Amino acid sequence: MDLSAINPVVLIASLMVAATPILLAAIGELVVEKAGVLNLGVEGMMITGAICGFAAAVETGSPALGFLAAMLGAALLSLVFGLLTQVLMSNQVATGLALTLFGLGLSALIGQRYVGLKPPATARLDLGPLSDIPVLGRILFSHDAVVYLSLALVAAVWAFLRFTRAGLILRAVGENHDAAHALGYKVVRIRLAAIAFGGACAGLGGAYLSLVRVPQWTEGMTAGAGWIALAIVVFASWRPTRVLLGAYLFGGVAVLQLNLQAAGVAVPVELLSASPYLVTILVLVIMSADRGRAALNAPASLGRVFHAST
Amino acid sequence: MIRLEKRPSPSRVWTVATPVLAVALTMVAGGILFAMLGKDPVAAIRTIFWDPLFNAQFASYSRPQLLVKAGPLILIATGLSLGFRAGIWNIGAEGQYIIGALCGAGVALALYPLDSFIVFPLMVLAGGLGGWAWAMIPALLKTRFRTNEILVSLLLVYVAEQILAAMALGLMRNPEGGGFPGSRNLQQYPAAANTELIAGTGMHWGVVTAFIAVIAAYVLLNRHMLGFQIRLTGQSPRAARFAGVNPNRLVVICLGASGALAGLAGLFEVSGPAGQVSIDFNQGYGFTAIIVAFLGRLHPVGILLAGLLMALTYIGGELAQFTLGVPAAAIQAFQGMLLFFLLGVDVLSNYRIRLGRRGVA
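Residue numbers (numbering that gives the first Met the number 0), protein chains in the order written: chain E, 0 to 309; chain C, 0 to 360.
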């Protein structure tokens with residue numbers, strides 16, 4: 000066992016990379032849930048994004064086009080969920096699960112031709128002298144554009160929900176869809192837009208996984224990342240800043256356990272591999288046990304079917 | 000202008016007709032999918048739904064397979080449907096299935112090579128208890144800490160997969176296996192083997208248990224107070240509370256029952272068709288059973304039929320894989336599509352479609 004091989008600077012830098020897919024998926028899901036929709040299909044949208052992005056990047060040779068294709072593919076898939084739950088008024092829990100099951104099958108189907116290939120490399124953003132700052136440069140200024148985009152997205156969602164009129168309407172729709180409808184807001188349209196946004200974010204997260212974090216395609220490669228993103232939304236009690244905290248916490252656990260495995264710590268490898276899931280469960284328990292707070296913050300119409308019958 | 004009008008109560012006709020409609024729509028959409036893959040859509044659909052049962056060349060092999068595949072699906076889905084009816088979402092049946100298999104196989108491997116009639120019943124007991132215990136984790140976290148059972152049960156699937164890998168590579172590895180991962184083959188250990196009961200039918204103890212579970216669930220839901228409480232909680236949690244239903248008790252019972260049945264399914268699989276604990280022992284039955292439960296309208300008899308149909312898509316899918324070269328993943332997408340269509344056409348049982356503008360009341 001050699002713990003000195005673990006370099007904290009590299010650890011924090013790779014933590015940010017490990018957290019980015021989940022951060023993207025979670026911030027998208029936060030917006031969806033703020034609009035009052037519970038989309039359990041994050042895992043399915045992520046894996047669809049992962050393969051759409053991978054396929055597009057390999058075919059065109061451009062990672063940027065890959066990320067775009069991933070967002071588009073996953074957003075389209077999420078609109079299937081939107082159509083079913085918003086227009087045909089199906090049960091959101093069941094439909095979300097269907098989305099995941101279908102996404103896993105569809106991605107495996109598309110991905111067959113791409114097993115074993117390498118995607119084009121995603122370039123680090125050139126930040127000039129900033130990257131040369133001793134410790135901070137390595138941690139903060141040596142990543143690719145998507146890492147910064149994910150951080151910007153968190154800030155944008157936070158500002159959108161807190162300061163804009165559109166954000167207020169979105170929250171109103173999530174808190175009380177009947178009242179929002181009575182005020183003349185188009186509940187279904189707003190929710191569909193939120194669902195598509197959530198899909199695009201999940202897709203981007205999935206593509207980050209297949210193009211940067213793992214750089215390859217394997218079936219089921221998201222391995223529960225989508226579910227962890229869902230758990231992080233609960234952990235964050237529906238607040239964007241805490242989503243950031245939750246995702247980085249998770250990224251930290253994921254990277255640390257890999258480092259500990261590599262260092263040969265006297266803990267079974269399987270226990271280390273399971274630790275991100277166990278930590279997520281533990282965090283969920285701690286958050287949920289605090290009666291009141293988590294429950295009070297959940298959008299009041301979350302998961303309820305809206306039908307403009309009156 | 001098309002609008003939807005809520006029915007006072009779900010239409011009985013459509014409740015039965017929607018699964019059939021969903022299957023028909025899936026066949027059409029699946030045909031399009033196969034055509035996009037460059038396969039003859041009609042041949043593909045026929046290979047999946049017709050040939051396993053009636054094609055003289057394949058039927059003798061594939062008919063018995065129908066019960067082998069349907070058994071675990073029906074067993075798991077029956078358990079899940081109890082919870083789903085009450086709004087208790089156990090999504091982690093896959094994990095309970097793995098742990099059940101590990102506990103049951105663990106008993107057999109510990110007793111090896113004891114030759115006694117008691118081995119198999121002990122395994123069944125351990126399998127059921129293992130699945131039950133794994134399901135108790137989300138149940139107790141929910142009742143004690145109000146943790147979301149969907150997320151916890153699901154995350155535990157990934158933990159169970161890690162335990163499975165650890166067991167197949169470590170504790171349960173066959174000492175005579177030449178270092179390869181995977182346990183002893185239980186089919187070659189007569190006291191522990193879950194063999195075919197009637198030759199040529201595929202009927203093994205898991206299938207028998209599945210039928211018993213279906214009957215028990217039917218009786219429970221229609222003739223028993225607990226079944227009434229489950230149905231009431233699903234329809235109106237508030238009314239259920241006023242009627243004196245203890246929601247925590249219901250959570251423990253529903254999750255426990257579905258966990259135990261999933262564990263049993265895992266045990267029967269590991270001691271029968273699969274034969275051994277291996278890294279990739281789990282095949283997603285726990286997730287497919289969710290589709291089965293919904294396709295069967297959460298009704299025991301419906302689940303029986305839906306389980307057989309879903310088993311058919313597995314077998315027909317394999318057949319299509321080597322006769323037409325349809326990729327295995329296409330079947331998974333096909334099954335997911337089925338659930339989509341089912342949930343989509345459900346609107347017909349809950350709403351009336353009205354044409355024209357709404358009249359002024």
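Hint data in this document are derived by calculation from the structure and do not stem from the laboratory.
The structure displayed is predicted, hence computed values, not measured ones.
Check before you lean on any hint, since a few could be wrong.
Computed footprint of chain E on chain C; a stretch qualifies when at least three of its residues, placed anywhere within it, have a C-beta under 8 Å from a C-beta of chain E [unchecked claim]:
#	segment
1	151-158
2	305-318
3	330-337
From the three backbone atoms N, C-alpha and C, an ideal C-beta is built for every residue, glycine too.
Looking back at the numbered hints, which does the structure fail to meet, lowest number first? 2
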